[in-house]
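Protein chains: 2
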Amino acid sequence: MKSGTSFLLAARQCEIAELEQLAQSSVLVTVIARFIHALQRERGMSNIYLSSGGARFSQQRAEQVAASTHAELAVRAEFEKLDTEGFRVRNGARLFSRVAVVVHACDGLPALRARVANHALSAEEAANAFAKLISGLLAVVYEAADAATDPEISRALVALFNFMQGKEYAGQERALGARAFASGAIEPGTVQQWRHLVESQDANFQAFADFSDPQVLRVHQASRSVAVLEELDKLRGIARAGGVLDTELTQHWYETASQRIDAMKVVEDFLTAHLRSLCESRIAQARTELHDQRAQLHELAARAPQPDAAGTTPYGPQLERSILAMVQEQARRLQAMGDELESVRATLNERKVVERAKGLLMAHRGLSEDEAYKALRQMAMNQNKRLVDVANAVLSLADVLPGGAR
Amino acid sequence: MKSGTSFLLAARQCEIAELEQLAQSSVLVTVIARFIHALQRERGMSNIYLSSGGARFSQQRAEQVAASTHAELAVRAEFEKLDTEGFRVRNGARLFSRVAVVVHACDGLPALRARVANHALSAEEAANAFAKLISGLLAVVYEAADAATDPEISRALVALFNFMQGKEYAGQERALGARAFASGAIEPGTVQQWRHLVESQDANFQAFADFSDPQVLRVHQASRSVAVLEELDKLRGIARAGGVLDTELTQHWYETASQRIDAMKVVEDFLTAHLRSLCESRIAQARTELHDQRAQLHELAARAPQPDAAGTTPYGPQLERSILAMVQEQARRLQAMGDELESVRATLNERKVVERAKGLLMAHRGLSEDEAYKALRQMAMNQNKRLVDVANAVLSLADVLPGGAR
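Line by line, the protein sequences give chains F and G. Position one of the first sequence corresponds to residue 1 (our numbering), numbered consecutively onward. Position one of the second sequence corresponds to residue 1 (our numbering), numbered consecutively onward.
It is possible that part of the hints are untrue.
Because identical chains share one entry, a pair is satisfied inside a single copy or across any pair of copies.
[What the hints assert, rightly or not] Computed list of lysine to any residue pairs in SDA-like fashion (alpha-carbon distance at most 25 Å, straight line):
| # | residue 1 | residue 2 |
| --- | --- | --- |
| 1 | LYS374 | VAL216 |
| 2 | LYS81 | GLN13 |
| 3 | LYS81 | ASP269 |
| 4 | LYS132 | GLU199 |
| 5 | LYS265 | PRO214 |
| 6 | LYS374 | VAL27 |
In case anyone wonders, no lab produced these hints; they're calculated from the structure.
Sequences and hints are given; from them, build the entire structure.
Here it is in structure tokens:
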């Protein structure tokens, strides 16, 4: 019959297996990030190529297709490594079904590219097709983040997912802007869509910041070029004014947006490397702990006076207590990790609380969504609290807020 | 290279494997429920035995020890079946570490019983030792509930866990009451502890009701004997009055509390059987769907005009679309299941919202905790809403609540 200590060691081994699974996921996420980046570039170039009737970016697009294909093969190679037979992948059902969607969409890429080359679809249709594939790839990243059992790794994955999603909105903005400038005109609907893409980026980058440690945030801060951001805002302002746009600005828009996105790529590379090293160090740590635990149990057994006839209590009462302490300590530690993991998940839910608090401030104080968000952020900074705590306080103290009847 | 459809089928197979894992967990949970019930009886008898200086329940206790040991062996046999080598158990690390605690505590049962037989410990110490083992067993059930990937099964497990936890508080109340009546006196501290046990039961049974379907609730309703509950409340009232207690009421208290707990056992048996049949029907359903999906893919492949040279798109464009629809449908279905699962988990978190709303009502209206809870329940019933929705409404509409300044 298996003893309590054998379950103790089995628990530790499971923990290592789960971490190894996460390490494999982090490699998968890394190659997906590269593939998405390549697809984002290809999308932008395809857009200008189509919007300009083939006059621009013909050569660059061809080169980018080769780069995208290269990145795609790396992703497919990682998909191949997924254990679809052994059921060792934590949330296999959901992950594999996401992978199925992606593989299927990848199979359709050659046909999509042929249609772009032959001007057989509009710039917008092409952009949407790329966006769909990228959204499928991001869903794979989301499943990887959702399957994480280690709170620190889970936090890093959630931060990375939000960063990638924010970067994708930036990529969609680049494509949308490129289409608008290249076509020489902008509709009010496009202005609205553009604004939505900018707001979505802000929300994702805020979530990224909430889940990141100071080291990551410093890298992010250092990557941002004020000159590029100012130039981007200037071009956004020109487009937002609506009406006729100078087609000569297309290249400039594309390059400015690309400078910003390429800077994001540097942060993304840092995030994926950070994630992989986090997995490795957690695995090394867990292995050391397993080794120590084994040695400790071995020593305890050696010091045991004599095995009991029934074989149920092979250690003396004092050694019994040592083992009990080990068993309880491990259960407590895993419980604490579980609670922390739950709180990372809860924070994802808590983002809804922030939305509700924003709504309340908008109603109470007649603020715009953006102003309400900034007010919450300001309160959080002033009170040195997390955004969600301030949002909760706003909701529960709604009655003492000045002004505005509902 | 694996195709999109092979990942599609792998996802389905994972789903079946996860359900089979849950079916195994539901058997484990069933034998744990039986073991806990036996331990609860043994605890109650040990309490009276010790409190009465060995005058009462000597024979019954000896018989109950045999029954407990029998139930323990069934649990240990299920522990043996756990796959500690293959890492197929979803949250192995946490589950095995809980099992380690339980196995260790079970190893200590013979020594505990010897001390009870020799009056070498107080009734309270004995009760605490049993409560600790039961709490360890409930932690195993909690991990099983936490690992569920199917929302319906997850809900059934959460309901069962809360029912078992509520029943355990009822068992602790029985033991506490038995000690109090047998000793002939009650301290204010004990009255306080008693009240806490009753409130904890109410909270757990409320959670059980929130997660249960009408069929289960009817069984629960039918199991409750008004006569027994009234008698129990009468005895609780006598004890709550404090001071000297009639030791002759010990047996009567024990039997009345036992009648209630034995009725709970009937519901518990129904819940575990319900859970097992739920797992079986979900497995059968998933197998049928896998079979249908395979047949459908086979048919599509047979209708394919001819394989493409590159081998990437073996189906014609129309068949392509059929497969795309299948792939997307499955991803959507699993997404919906994931969202629902998330909402079951969120509801567990939302219980905290109810606590906060209660606090608000207590502050605003000067209600006691119990009155605040009843007020929320009444609002929920009147508005035909869930308790948590009412609690959320109370929190966000705090400013329109009548009376009470903060």
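Hints, verified against the model:
Proximity of LYS374 to VAL216 under the C-alpha cut-off of 25 Å is restricted to the intra-copy arrangement: shortest distance 23 Å within a copy versus 48 Å between copies. Proximity of LYS81 to GLN13 under the C-alpha cut-off of 25 Å is found in both arrangements, the shortest distances being 22 Å within a copy and 17 Å between copies. In this homomeric assembly, LYS81 and ASP269 come within 25 Å of each other (Cα to Cα) only inside a single copy, at 22 Å, whereas the closest approach across copies is 44 Å. In this homomeric assembly, LYS132 and GLU199 come within 25 Å of each other (Cα to Cα) only inside a single copy, at 20 Å, whereas the closest approach across copies is 52 Å.
Only within a single protomer do LYS265 and PRO214 lie at most 25 Å apart by alpha-carbon distance; the minimum there is 19 Å, versus 53 Å between protomers. Taking the shortest alpha-carbon separations for LYS374 and VAL27, neither the intra-copy value of 36 Å nor the inter-copy value of 53 Å comes in at or below 25 Å.
Consistency note: the structure conflicts with earlier hint 6 alone.
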